[in-house]
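Chains A and B supply the protein sequences, listed in that same order. Using my numbering, the first residue of the first sequence is number 3, and each one after it goes up by one. Using my numbering, the first residue of the second sequence is number 3, and each one after it goes up by one.
No lab work stands behind these hints, which were simulated from the structure alone. Nothing here was measured: the structure is a model prediction, and the numbers come from that model. Even for Gly, the Cβ is constructed at its ideal location relative to N, Cα and C. Among these hints, one or two may not hold up.
Counterexamples of contact, computed for chain A against chain B with all Cβ distances above 12 Å [to be verified]:
{"#": "1", "residue": "R55"}
{"#": "2", "residue": "S113"}
{"#": "3", "residue": "G119"}
{"#": "4", "residue": "A172"}
{"#": "5", "residue": "T188"}
{"#": "6", "residue": "A192"}
Here chain B is said to cover these stretches of chain A; the calculated rule only asks that three of the stretch's residues, wherever they fall, bring their Cβ under 8 Å from a Cβ of chain B [unchecked claim]:
{"#": "7", "stretch": "11-19"}
{"#": "8", "stretch": "41-52"}
{"#": "9", "stretch": "66-75"}
A few chain B positions that, by computed beta-carbon distances, are all more than 12 Å from chain A [what the hints assert, rightly or not]:
{"#": "10", "residue": "K126"}
{"#": "11", "residue": "I141"}
{"#": "12", "residue": "D147"}
{"#": "13", "residue": "M155"}
{"#": "14", "residue": "S169"}
{"#": "15", "residue": "R196"}
Next come the chains, spelled out residue by residue.
2 protein chains.
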Amino acid sequence: MKVFIEPIGRLINEFTKLPGVGAKTAQRYAYKIINMPTAEVEAFAEALLCVKRDVRYCSVCGNFTEGELCDVCLTRDKSVVCVVKEPKDVIAVEKTHEFKGVYHVLHGTISPMDNVGPNDIRIKELLARIAEGGIEEVILATNPDVEGEATAMYITSLVKPLGIKVSRLAHGIPIGSDLEYTDEMTLARALADRKVL
Amino acid sequence: MKVFIEPIGRLINEFTKLPGVGAKTAQRYAYKIINMPTAEVEAFAEALLCVKRDVRYCSVCGNFTEGELCDVCLTRDKSVVCVVKEPKDVIAVEKTHEFKGVYHVLHGTISPMDNVGPNDIRIKELLARIAEGGIEEVILATNPDVEGEATAMYITSLVKPLGIKVSRLAHGIPIGSDLEYTDEMTLARALADRKVL
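Based on the sequences and whatever the hints tell you, model everything.
Right under this line is the structure:
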């Protein structure tokens, strides 16, 4: 006989689709659901459907939004644009509470290995925004990996000739870390980019 | 401004209700959901609702079932009853493929600290099943902790006088483990219960 009855087996299977969730964890989640009040499970299911139904991309910056434009595009200083790979990077920058400008989500980075070229990500949309005027600085906040660096360099080559300030996030030793455990690449960058006090 | 838009924030909040899921993990899960095809998310939501709607407890053994009686009660040898704390313990025993009898799920163990007495768990239901006749052996498979042991002893004191064989799962060194890392309690039990070859 099968070990799980059908509805439980099905739910366990659904949970294993989440990142990093194996059979054991999915089983724990399913038991938790079985023991939740029905109203709470209904709210959970509704939240799942809601996110697919109500979340879309801002027509200007490509970030998640419920309306046509996102809250950031509607309310903030449009002269500085922070370019990121994905909507979740917007969250990461927002959590610093330091950035007062707007965003441009590329929805990917240039990666020839994965057949992603400059035309497959939202670079032309960025150029169109710049062409409309009012943008004074473009901060390139793509990841510090091969694809992120290549994308940053490519965008720099297009935007800098337009006379717009282009900057890149600083590399260096993370706050609270230990020199001993910092990798050589990072430490070398931290040395090269050292700040005169 | 708030960091997450409402539908995403709500879904993250729902995910944090799962055991062991913190804000970061919930966020990863939510992003995965946003990037899933709508049909898959609908199947996920349906599986959640389904499990609350279709899963109930077997009227005989207390295990999860879709119908009135569970598959185990309908098809297996009723002369041996394995007594466990929770439905998930049934799954654990079933996975061994060694047990051919039926189960009795107590839905708890005696725990005076938590105000759970013998009448709060399904002990009288077990006695009623025994009174109906046909049961030759009761295997006590509650956990080897204080509450599980106390519950096993209590049930033994009620069932043994009825002339029914009562047994308890063997304690000892887990298969594949190392003597060096086995705790003293377990090793002492393994010594005391040593098997003559």
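A quick look at each hint next to the structure:
1. R55: violated (8 Å)
2. S113: holds (17 Å)
3. G119: holds (21 Å)
4. A172: Nearest chain B Cβ is 23 Å from A172(A), so the label holds.
5. T188: Per Cβ check, T188(A) is outside 12 Å of chain B; nearest 22 Å; holds.
6. A192: Holds, since 26 Å exceeds 12 Å.
7. 11-19: holds (count 5)
8. 41-52: holds (count 11)
9. 66-75: holds (count 6)
10. K126: holds (23 Å)
11. I141: holds (19 Å)
12. D147: holds (19 Å)
13. M155: Its Cβ never comes within 12 Å of chain A, the nearest being 27 Å, so this holds.
14. S169: holds (23 Å)
15. R196: holds (32 Å)
Of the numbered hints listed earlier, the single one contradicted by the structure is hint 1.
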